[in-house]
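Engineer: Residue strings, one per chain:
There are 2 protein chains.
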Amino acid sequence: MKKYFELDPWNIIQNKLEPEDNRVAEGIFSIGNGYMGQRANFEEDYSGETLQGSYMAGIYYPDKTRVGWWKNGYPEYFAKVLNSTNWIGIGVEVDGDKLDLEKCKVENFERVLNMKQGYLCRTFTAEFSSGKRIKVEAKRFVSIVNKEIGAIKYSITPLNFSGMISFSPYLDGDVKNTDSNYDEKFWSEVSKKTEDGQALLLIKTKKLDFYLCSLMKYDVLKQAEKCKCNVEHFEKEKFVGNTVEVRVKENEKVAIVKYVANVTSRDFKPNELIEVGEKILQKAYNKGYENLLNEQAEAWEEKWKESDIIIEGDVSAQQAIRFNIFQLNQTYTGEDDRLNIGPKGFTGEKYGGSTYWDTEAYCIPFYLATADKKIARNLLIYRYKQLEKAKENARKLGFQKGALYPMVTMNGEECHNEWEITFEEIHRNGAIAYAIYNYINYTGDKLYLSEYGLDVLVEISRFWEERVNYSEEKHKYVILGVTGPNEYENNVNNNWYTNRIASWTLEYTIEALDYVKNNETSKYEELIKKLGLKEEEIAKWKDIINNMYYPVDEGFGVFLQQDGYMDKEQILVKDLDPKELPLNQHWSWDRILRSCFIKQADVLQGLYFLQHLYDKDTIRRNFEFYEPRTVHESSLSPCIHSILAAKLNKEDKAYELYLRTARLDLDNYNNDTEDGCHITSMAGTWMSVVEGFGGLKVKNNMLTLNPFIPSKWKSFSFKVMFRGCLIKVKVGKDNIKISNESKKDIKILVKNKPYFINSLKDITICAE
Amino acid sequence: MKKYFELDPWNIIQNKLEPEDNRVAEGIFSIGNGYMGQRANFEEDYSGETLQGSYMAGIYYPDKTRVGWWKNGYPEYFAKVLNSTNWIGIGVEVDGDKLDLEKCKVENFERVLNMKQGYLCRTFTAEFSSGKRIKVEAKRFVSIVNKEIGAIKYSITPLNFSGMISFSPYLDGDVKNTDSNYDEKFWSEVSKKTEDGQALLLIKTKKLDFYLCSLMKYDVLKQAEKCKCNVEHFEKEKFVGNTVEVRVKENEKVAIVKYVANVTSRDFKPNELIEVGEKILQKAYNKGYENLLNEQAEAWEEKWKESDIIIEGDVSAQQAIRFNIFQLNQTYTGEDDRLNIGPKGFTGEKYGGSTYWDTEAYCIPFYLATADKKIARNLLIYRYKQLEKAKENARKLGFQKGALYPMVTMNGEECHNEWEITFEEIHRNGAIAYAIYNYINYTGDKLYLSEYGLDVLVEISRFWEERVNYSEEKHKYVILGVTGPNEYENNVNNNWYTNRIASWTLEYTIEALDYVKNNETSKYEELIKKLGLKEEEIAKWKDIINNMYYPVDEGFGVFLQQDGYMDKEQILVKDLDPKELPLNQHWSWDRILRSCFIKQADVLQGLYFLQHLYDKDTIRRNFEFYEPRTVHESSLSPCIHSILAAKLNKEDKAYELYLRTARLDLDNYNNDTEDGCHITSMAGTWMSVVEGFGGLKVKNNMLTLNPFIPSKWKSFSFKVMFRGCLIKVKVGKDNIKISNESKKDIKILVKNKPYFINSLKDITICAE
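Those protein sequence lines, which keep their order, are chains P and Z.
Taking this note's numbering, I'd label the letters of the first sequence as residues 697 to 1464.
Taking this note's numbering, I'd label the letters of the second sequence as residues 697 to 1464.
These are computed hints drawn from the structure, not numbers from a lab.
Hints may be right or wrong, so weigh each one.
Copies of the same chain look alike in the list, so a pair counts if it works inside one copy or between any two.
Unchecked claim - With a cut-off of at most 25 Å between alpha-carbon atoms, the simulated PhoX-like pairs for lysine-lysine come out as follows: (1) K1270 - K1092; (2) K1081 - K1097; (3) K1226 - K1142; (4) K767 - K1275; (5) K1046 - K767; (6) K1046 - K760; (7) K1346 - K1410; (8) K1097 - K1275; (9) K1275 - K1395.
The task is simple: from the sequences and hints, build the whole structure.
Structural biologist: Structure below.
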């Protein structure tokens, strides 16, 4: 496998500029703070391969849908994550020669993502065709303390000449999305201002009227002292900047420090943006670059205290898990309950939309265990708030009642347009119901049901009720025409996962209704009235639960992917020519569809969710049947397999799949990281360690652990927050140490034995 | 149902301008001659709803494919039927007021398509806001005698004033396709020339370099005398014209006669086009409008002699069948073996491509029976010539051997891009094989096998061999992941029709190989060598034939649409709210897919093709099961049902379905005629009469008839050509009269009894 980056426990390091991999690196080295984010594009101009990307969370554009052939029910628009003002830009000239790494001779190139302190750094020497050589050091970050602020320090040292260096810091709103459907630009200019040492640009989206005001100030430093220079202004449409010139001597370092504030109409009124932005920028400017950077390092130290996973003895695994945690924390902080977790975060534009079932299936466990419960709760309430839109969506597809949540959305409306996904990947509804269960199971917050949960559960159950039909042939309820999580099968009948999660939703909804009925009777009455819920509906749900059809193969003793799966030619992944992988880049779509190969855990996804309902032998039989048929071409797949492999004591497999999920982007496993990182699957990586190797589960309101350590590792440790307690778990070869870092005592189950751990105490248990 | 047009045996008549239906009428009243065609757009400017369309057969444009989400295997382009130079245009002004029927008060509007003589005529009076009233008569045709020639006579009579009339005849190449994927124009200008009384415009396509030279000459007539007028020239990019002014008195008729020649680089070298075009135009001009029109009427009379169907006692049915035959004859003449029969002919742009399986399944029977056998043969050879491309197409989709013909094509390359159709409607391969059987069965031309047929049959058989797989579960060969003719099911397993036609292809290929082996031994050796055909292949085909899986329902005693069909909720079309029809305009796509409703004959299509292999009871059971579940939202559906209903003596059903197929466009059944007429299904209408009501089949090299007459009809008669004989069949209430209009005696089977009919004699048989 190609090696893209150097191994290091705290840093991602690229030590050679590889133009053909530059887009991959730009995604990997992205920085963000949950409010905004930025791909690792160069500050100076670059004529090589690059995908410029600056993103502001929650700002999107309803791009007109593009299809080959329209199908009834398609949405009119596809919400694009919006490439916004390029605020990092600093043009550089040396004695009139433009710096462009595509055209210079570059040596000692190094790009480092410092995950411990949260910044991106790049150093290199460049030689111009004139023979002049400079050393450049560029460091930048987006602040997790002052969310609107980004800062860059860009230094140049002439190595073999004295001459004139010019910097042209700018703000460029004349950007476009590479994935714009009709090659349109989405922003228009509102106003701009350019003065000596500062500039601002106010733009707005052509639809939906999002306003973004970007403001910059900068200093030029010679040998670390601010210096005064000649300044020229320049302006174009949606573009402002300055040019400053500094005369420098050989080996004399000159630097520009650029401070930027980005403020938007999501937080302020459009007509206040300039004033607010100026204040925020001025405050940061007054603080100064070094102080901002120190704040940043401290704040990241705090974050790591809560969420770090330490793996001793395996730097590759260590680096990978930190990279995943780092990117997750860069993408979503939970502070803004209008946001969700886009599949690419701030690392690329592909896919559009910000909310997929990934959030419920993969991200919620991470935030449940590493952050205050209100963050996971906010993610649930986000869906609650979109319930009306989900009901509208179901009506649009012809359903009389119930709610179908969208496959992809920004504001609750569906914006995806592939019929086999948009209309048929209805399993998403199940994951949204499951997340409610999962949240309550973890936090014990049963009041959530009457407050928000049941509204969602009942409407989803109503959808399933209408979506099943009774097969007179099978004398069972069936679900026809669906696509499961495994998107390498489309429009199938009786996808086991979908049937099971549908039936489970009905079960859980009835259980939840019973709970509220018995514990909050008056609230229950209100709810029933508000929802217009009838006894017949519940009776029907019970009938469906009791008579749902599940495809099985008696011979293998497994649940079947879907009806007819065993008609396929049964080949295993190991029998494929590795040159044909990934299949989706080598096989035509129909060949993939009719093959037995599985893109993503499907039956196993169901068994993972519902582990508490299936015995180990069942899980083992299914795992041993499906894993050899799974190509893991979805980023969401290997983590689930890894967790189940760990549960089944399949050490090597668990470890292999862990590396695959953890290093998916760092090693560009699926050859698609150039579009950006797979952010939501990173939560799956965390799950692989904590739920897989740690064996963490919550059963009967108790934290339970069942750890084992991969043979390559010396130890691994993680922290989880559980009902007010912060628990640190360190798993070594010989023992397991569990520390209760909170002020409450806690009883936990380790390998099925109960242990009490008093506040601020720890216990050590011998490994078998 | 809405009534669009007046009933008349020989004419289509619209007697009111209905702006909202204008696009429907424009398609219906289209004129063509197999070489070029023209929608019934107005000559003068019109600001109302219109789809401008002038088409030249065989000229197309490879428009860049547009998809929402790319799938591996999609073609890079979609070949568009190309809207070409608008040559009918004549701007009209009356005392400086522009004539525009959207803006004038229009009375006595009549648009007539004269099918007997092959022209389009339009008359109306228009009142301007000034109160001035004119009477207009416009008549035009494209010549079936001089294929490059179109001519228009456009007359104006001022009714209540004397004044100045100006005509601006022009050629406008600055046109575009409404269905252009990226709103691009496809033509660029090469040269142009404008003189008094004439002009020419030479344009070429931006890709593929098709050249089109359009040339015009015109005369202005006052009271039928040529008159000399002031002429002004005008030119713009891709646009040339004249303006002439004539002063006329009240009630004095003034007319312009415009002659146009369209010549293309398909027939001549680009640098000869102007010279050739000028000669052709001059010849037509010398002949004069009235002579050209007379020639046209005579030529159409000849055509009708061969292909007319006369229905007495039912003017609606009579008009409809003539309309279908007329449009077929306008679309394809068989003279140019590079052409095929596009689904919209010259009546619209939708769908693109010119060649679908429609040709083999629906059109070949029509041409076999109404034209010289070389025409059907040319249509077969068209596919033979594209065999290499079909092999490439199979390779592109990952097949090691065999040929997969494209779903839609212009030159043999696939140009459609919906995975469920492009990659999965592989049944088209079966229809292409079936057409070879059908042609040989009808004509007796068994030499065709060794000349061309076996190459195609063997490669198609090889495709089926690789495309099936052996199901270890069913212990049978299965075909997974297909879409049958019924496109309201996608990506299904074991579509009965596909499995059956695949197996039948293998059977027929083996039979054909045996025939050649036994009758043309040395040719056979050559062929086997050329094709590299191995005994093992034939053995494998036999194994597949013997072990193919066919889904059935024992209870109903029917072949099943596909695996799992009986799991669907079984509702009948009659139970649907008629407001929900057509489903494809009211239901979301997933709902259609999981419903039991069938767009188009599918099992029944197979039973129609293979009637000789199934007993009547089997056909009856399947018909009675499927017809109530079929919504006929494909234009290709009702004709097959009508034929089978006739065969099963279901008179009312056969008649109902006949009207549905025959008047599909005239009554705009599926609410989609605004995109153009359903040309290929028109051949199905002809089949409904001849094969359905006439019961015509060829068995053991003998023509057989089994006629019955719908109760509403007094009589119907048709002609067929069969192995050198022209046979006229007239079916009355009491008797059947069969005339042998040829110089050969013939023996035919009527209602299973043999009859000899001597040359130029007839027989009359009493109906039971």
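Engineer: For K1046 and K760, with the copy left unspecified, which applies at a CA distance of at most 25 Å: within, between, both, or neither?
Structural biologist: both (16 Å within a copy, 21 Å between copies)
Engineer: Given a CA cutoff of 25 Å, do K1346 and K1410 count as a within-copy pair, a between-copy pair, both, or neither?
Structural biologist: within (18 Å within a copy, 82 Å between copies)
Engineer: Cα distance capped at 25 Å. Does K767 pair with K1275 within a copy, between copies, both, or neither?
Structural biologist: The answer is between: 19 Å across copies meets 25 Å, while 36 Å in one copy does not.
Engineer: For K1226 vs K1142, is the C-alpha pair at or below 25 Å within one copy, between two copies, both, or neither?
Structural biologist: For K1226 and K1142, only the intra-copy Cα distance (20 Å) is at most 25 Å; the inter-copy one is 76 Å.
Engineer: Could you figure out if K1097 and K1275 sit no more than 25 Å apart (CA to CA) within one copy, between two copies, both or neither?
Structural biologist: between (48 Å within a copy, 20 Å between copies)
Engineer: Measure nothing new, just compare the shortest in-copy and cross-copy C-alpha distances for K1046 and K767 to 25 Å and report within, between, both or neither.
Structural biologist: both (23 Å within a copy, 16 Å between copies)
Engineer: Within, between, both or neither: how does the pair K1275, K1395 come out at a Cα-Cα threshold of 25 Å?
Structural biologist: This pair counts as neither: shortest intra-copy Cα distance 44 Å, inter-copy 53 Å.
Engineer: Taking 25 Å as the upper bound on the Cα-Cα distance, should K1270 and K1092 be classified as within, between, both, or neither?
Structural biologist: between (44 Å within a copy, 24 Å between copies)
Engineer: Taking 25 Å as the upper bound on the Cα-Cα distance, should K1081 and K1097 be classified as within, between, both, or neither?
Structural biologist: Answer is within; shortest intra-copy Cα gap is 18 Å, inter-copy 55 Å.
Checked against the numbered hints above, the structure violates only hint 9.
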